[in-house]
Amino acid sequence: MVVTSGTALGAVIGTIGFAAFGILCGLLYKGFDRKISAHMQSRIGPPIIQPFLDVSKFMIKDSVQPERALAWLYNAAPIVSLASVITVLLYLPFGGLTFTPILSGHGDLILVVYLLILPALAMVAGGFASSSPFATIGAQRKMVTMMSYEFPLAVVAIAIAWKLNQLYPGESVFGLAFIYSHPLWGHVGPAGIIGMLLLLFSIVVVTPGQLATVPFDIDEASPEIAEGLTAEYSGRNFALFYLADAAKMVAVGTLTVALFFPYDLSPLIGISGPVGSFIDFVFFLLKLFLVTTLTVTLTRVAVARLKVSQVPTSYWGATTAIALVGLILLVVPN
Amino acid sequence: MTSLPFWNPVICIIAFVILIAIACLFISRGQKKYKKGTAQTEIFLSGEEPPAVEQRHIKSHNIYWGFFQTLKEYYDPTVRAHTGIINDFIIWLIAIAALTAVILLIASLT
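Sequences listed follow chains A and B, in order.
Going by this note's numbering, 75 is the number at position 75 of the first sequence; the sequence numbering is gapless.
Going by this note's numbering, 18 is the number at position 18 of the second sequence; the sequence numbering is gapless.
To be clear, the hints were calculated from the coordinates, so they are not data collected in a lab.
Treat each hint with caution, since some may be false.
To be clear about the criterion: a stretch of chain A counts as covered by chain B if any three or more of its residues have a C-beta under 8 angstroms from a C-beta of chain B, and this derived list gives those stretches [claimed, not checked]:
{"hint": "1", "segment": "61 to 73"}
{"hint": "2", "segment": "188 to 196"}
{"hint": "3", "segment": "306 to 316"}
In the BS3-like style, the derived pairs of lysine-lysine whose C-alpha atoms are separated by at most 25 angstroms in a straight line are [as the list claims (entries may be wrong)]:
{"hint": "4", "chain 1": "B", "residue 1": "Lys59", "chain 2": "B", "residue 2": "Lys72"}
{"hint": "5", "chain 1": "B", "residue 1": "Lys36", "chain 2": "A", "residue 2": "Lys57"}
{"hint": "6", "chain 1": "B", "residue 1": "Lys32", "chain 2": "A", "residue 2": "Lys61"}
{"hint": "7", "chain 1": "B", "residue 1": "Lys33", "chain 2": "A", "residue 2": "Lys57"}
Ideal Cβ placement from N, Cα and C applies to all residues, glycine included.
Bound-form chain B, shown alone:
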């Protein structure tokens, strides 16, 4: 017996596969047909003309818009810090290493 988290992935996958089979069995009982090639298969956009397929999706950099918008006070300076200039990254590395060394020094003295 251990107080650490535990799980058995094999059992989990077996149960999941059984349940997939049950779900497939259930869905096979439903109506399979629909009217292909009619207005029924057009996407619903509140009566507006649907845009071209390639313009329907949100671009990947906008997927987390709500999250970035809410946490912009955190993300804006973080993004600014990522300049892509190697000299800046080296400065960050040296600064973090120095800070770590100071913390370890204080910890060893106490």
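This is chain A alone, in the form it adopts within the complex:
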């Protein structure tokens, strides 16, 4: 590949643009999440722009560093967390096929699954570095959660790629742009449809674990360990964790949309060109909103937090079993 100064500059500008838009979008979805969950509990809730106000407030508050904290790791963790989440966004078909992922062709689904671990690992490192017992317990719980949800998530990823490889042998079936442009629902039989639904259910269960929301928010568990991992974080450091969390919501939601709802609206209504691209982009944002509302908002309002020991059971037991049955139903010819 020949990299000219023009393409390099374009990539840098594109990276900055994706970073800004991913974060803004994540904060907006956080605002919707809080508003909808409040209404579901018969509360008025904060304004939609509350997450933006929160971040601007965090930035002017003291950024306290505990006396016995491991300073360099404590301060580096939020930066690494945010940077790694945005890196994931660069590989994803964020905005549907309207915008080609900046790093399309340089990484695939497997890479995305592994990169999604990085922000969580950064939080774990920051938690251990802060020398707080609450944060240390949170870090321990976060590792347990990570080890638990990776297995069913990997099964879902492999199942989709496996089926695509059956349908399109020799093609780049792990590439996210390829996955997005080749929906599976219309190419599988009744058993395959059930398999896809089971895999979708698995990723719906995995998402709250990825985002540390109820019922899998054991690493934060405010009433028990006072936000756990981030108990000692404040000010600008906490703002970065907050932004990383918002961007991760977009990244995980985009992954779900790419794997299970990779449809555009413009071909159906027969509009092409810039208007069609705009419609597809808005349609993508709507799909992302619905996915995040289902996996985060509705789930966290409807259920209670699990115990630490119940999280591995939920993921390695029921969720993995459901994902494996989904995989078998999807890949066995029917």
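Mind docking chain B on chain A? Use the hints.
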């Protein structure tokens, strides 16, 4: 074009470094100061007296407590099998080798 997974680590690292720079730029806009040496820098422990620094961390063998607790039906016999006695390990080696040989024999006959 290949159906195998692919990634370009150099591009990934370059993008990551650019984003680290953006994150550093963003964080540099925030409030840097805090009151060092005051109660502000004490860790929060719900009003309890914080333990000594060396007692604040979870010991490494307890880090995965939740995981071991949940999967104890698997881990307990596995840990018991690791006796540290070389004779036991040799028995395991011979047993696994014998099992592998039987599987290969059956596979070659079918």
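The hints, checked one at a time:
no.: 1; hint: 61 to 73; in the structure: holds (count 8)
no.: 2; hint: 188 to 196; in the structure: violated (count 0)
no.: 3; hint: 306 to 316; in the structure: holds (count 7)
no.: 4; hint: Lys59/B <-> Lys72/B; in the structure: holds (19 angstroms)
no.: 5; hint: Lys36/B <-> Lys57/A; in the structure: holds (21 angstroms)
no.: 6; hint: Lys32/B <-> Lys61/A; in the structure: holds (9 angstroms)
no.: 7; hint: Lys33/B <-> Lys57/A; in the structure: holds (15 angstroms)
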